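Asks: Here the structure of chain U is known, so what remains is to put chain C in place on it, guided by the hints.
Given next are the chains, with one letter for each unit.
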Amino acid sequence: MSHPANGNETTVSSRTMELIVAAAFMGVAALVMYDSWRIGARWGSDGPEAGYFPFYVGLIMFVASAATFGINLFAVSASSNFVGRSELKQVLQVLIPTIVFVVAIGYLGLYVAGAIFIAYFMVVLGKYPVWKVVPIAILVPGVLFMMFEVWFLVPLPKGPLEAAFGY
Amino acid sequence: MDALLSLIHGFGVLGDPMNILYMFIGIFLGVLIGVLPGLGGANGVAILLPLTFSMPPTSAIIMLSSIYWGALFGGAITSVLFNIPGEPWSVATTFDGYPLAQKGRAGEALAGAFTGSFLGAFVATLLITFLAPLVARFALQFGPPEFFAVYLLTFCSFIGMGKESPFKVIAAMMLGFALAAVGLDTVTGQLRMTFGSTELLRGFDFLVAVIGLFGVGEILLTMEEGLAFKGRSAKINPRVVLQVWAEIPKYWVTCIRSAVVGCWMGITPGGATPASFMSYGLAKRFSRNGPRFGTGELEGVIAPETAAHAAGTSALLPMLTLGIPGSPTAAVLLGGLLIWGLQPGPLLFVEQKDFVWGLIASIYVSNVAGLIVVLTTVPLFAAILRIPFSIIAPIILVICAVGAYTVHNALLDISVMLVFGVIGYLFKKLGYPLAPLVLALVLGDMAESSFRQAMLVSQGSLGVFYANPLVGSLVTLALVMLFWPLISSALALFKGRGDSTLASSK
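Residue numbers (the working numbering), protein chains in the order written: chain U, 1 to 167; chain C, 1001 to 1506.
In isolation and in its complexed conformation, chain U is listed as follows (with noise of 0.2 Å):
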């Protein structure tokens, strides 16, 4: 999925998402290889110690991420661009609203916290009128309720609504 890169619509080149990517792993890599030295990764008097197995996967994924490192690095091919500006931009409206939402479970309950996102995404990204927008955003939270808090007994987070109908 390469778009070509022209003026207006470059963010980042393919090639810096490939370097930063591969040297993210390696970072990883270089993480579970401390702490599995720390906790021991050598032969100890009763068989391999804990942090054995998980040092050898360090380092092959620390050896493999090097190697995608240097063949980015070195490539001479011209480089594409990673994503648009217009799509990327497409990404975040739904990414942003997401993470205020998942953050808003933890406050208002998944019910409430769901309902009002929907109805944000119908209202921002799909134009809709509210009298469209109000019954789905109600009615997906409520099918949920239905099945999960009393159909088949799954309790999921509650807020403040819950508390106040008695759940």
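For the record, the hints were derived by calculation from the structure and aren't laboratory data. None of these values were measured; they are calculated from a predicted model. Among the clues, some could well be false.
If you anchor each label on the Cβ, the simulated ranges turn out as follows [to be verified]:
1. C:Leu1004 - U:Gly166: 52 to 58 Å
2. C:Ser1458 - U:Met146: 53 to 59 Å
3. C:Ser1197 - U:Gln93: 31 to 37 Å
4. U:Ile71 - C:Ile1020: 49 to 55 Å
5. U:Ile71 - C:Val1350: 46 to 52 Å
Glycine included, each C-beta is placed from N, C-alpha and C at the ideal position.
Replies: Coordinates of chain C only, in the frame set by chain U:
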């Protein structure tokens, strides 16, 4: 003969009407999951897993596997009607399915796809019925070194078979192993990579990872593409179906070849997606209609669908007999089995006969049921597909959050899911494969413990992996797969040189 008797016993287990009901619910939910963008077999089953906790294990796994068959069927609907593959394995179905729909022959394409799927699944189920008990009996002799060798072979074949960069496959796989190691080490009782956090004590649950990687990641990707649904309408009536069924015997060679390709790719963990592409490619090459493929040939719809379903079904064979799933969705089913205290592996066939044969019998019945469900409900699902993305997307995200929460009743897991979603999006854009990551996360603990036990037996000598012919040949095969990219390019170089010397001697 033994297998046949056990199978008849298995159909007895199915006699419970509740099991049949769960099967139909499962198939319906499965088709729904297959049709909706962002929900697929793997994360769909993961999200619905907690709902089955109150059921008996046999009913639960029948419902979950039915969801899986339903998702396999459902992918074809979007491919044919909307030119959007609902599942990765139905990409090849769009090549001829959508052109047929454009010609107004959507009904034929769908009937062909569903029938092909059914045939592929049927062949794979026959294979499971008669081969699985033999494999299980053989695997009873396995010790820790043999099991580790089988794990090694599984993971090495991802490197050899994958079309992604081998370094990226290895990196993604090792990330899975590393995440699996987080938490309490069950052998020594030490804490690994928790960095003092009590939340990390639990480790990373692969179900949460699956929901994030496949669900949230997929929504982000779909959003980027700015999806606009422009679908063809479809009517399926009995006349069209019968007409297609009359036509299918003409393509018997393609059907058999696709089923064989599918079964092979399903058992070795190639999975349904490469199987469908390979089958389409082979059909195009060998069929008399080959040159017209891509313009709307029924054969070009049947070939990939038969292979995808055969692969999807036969992926259960290594899962049941060895405890090694052949696909991410099979991995989720395996996770379900573990939650109910059933340890997949050769002993399952000895200790849980009712369960195993009930499941195998259910595959036969649920594929017939699936065929009936999809043939009758296509217009309904086509209508669901016309619901705009800005309504469907938030609902799916809410459902993903519910699924991630219910795995452990932990709020942090919802945030973890979101992080995995972003990782999934980045990985897909950069060509890191997700399947090895998920399988490593599932199998990490088991692979590690078999490795440790093997090393304990041998007192730390790697020689134990060449101690007998069985483990030796498994390890050798694994190494061949590991270095296959190098070997194949060396062979190509050698062949190329051979050709050029031939050319120069002329």
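Asks: All hints, please: hold or fail.
Replies: Do the hints match the structure? See the list:
no., hint, verdict
1, C:Leu1004 - U:Gly166: 52 to 58 Å, "holds, 56 Å"
2, C:Ser1458 - U:Met146: 53 to 59 Å, "holds, 57 Å"
3, C:Ser1197 - U:Gln93: 31 to 37 Å, "holds, 32 Å"
4, U:Ile71 - C:Ile1020: 49 to 55 Å, "holds, 54 Å"
5, U:Ile71 - C:Val1350: 46 to 52 Å, "holds, 49 Å"
When held up to the earlier numbered hints, the structure conflicts with none and fits them all.
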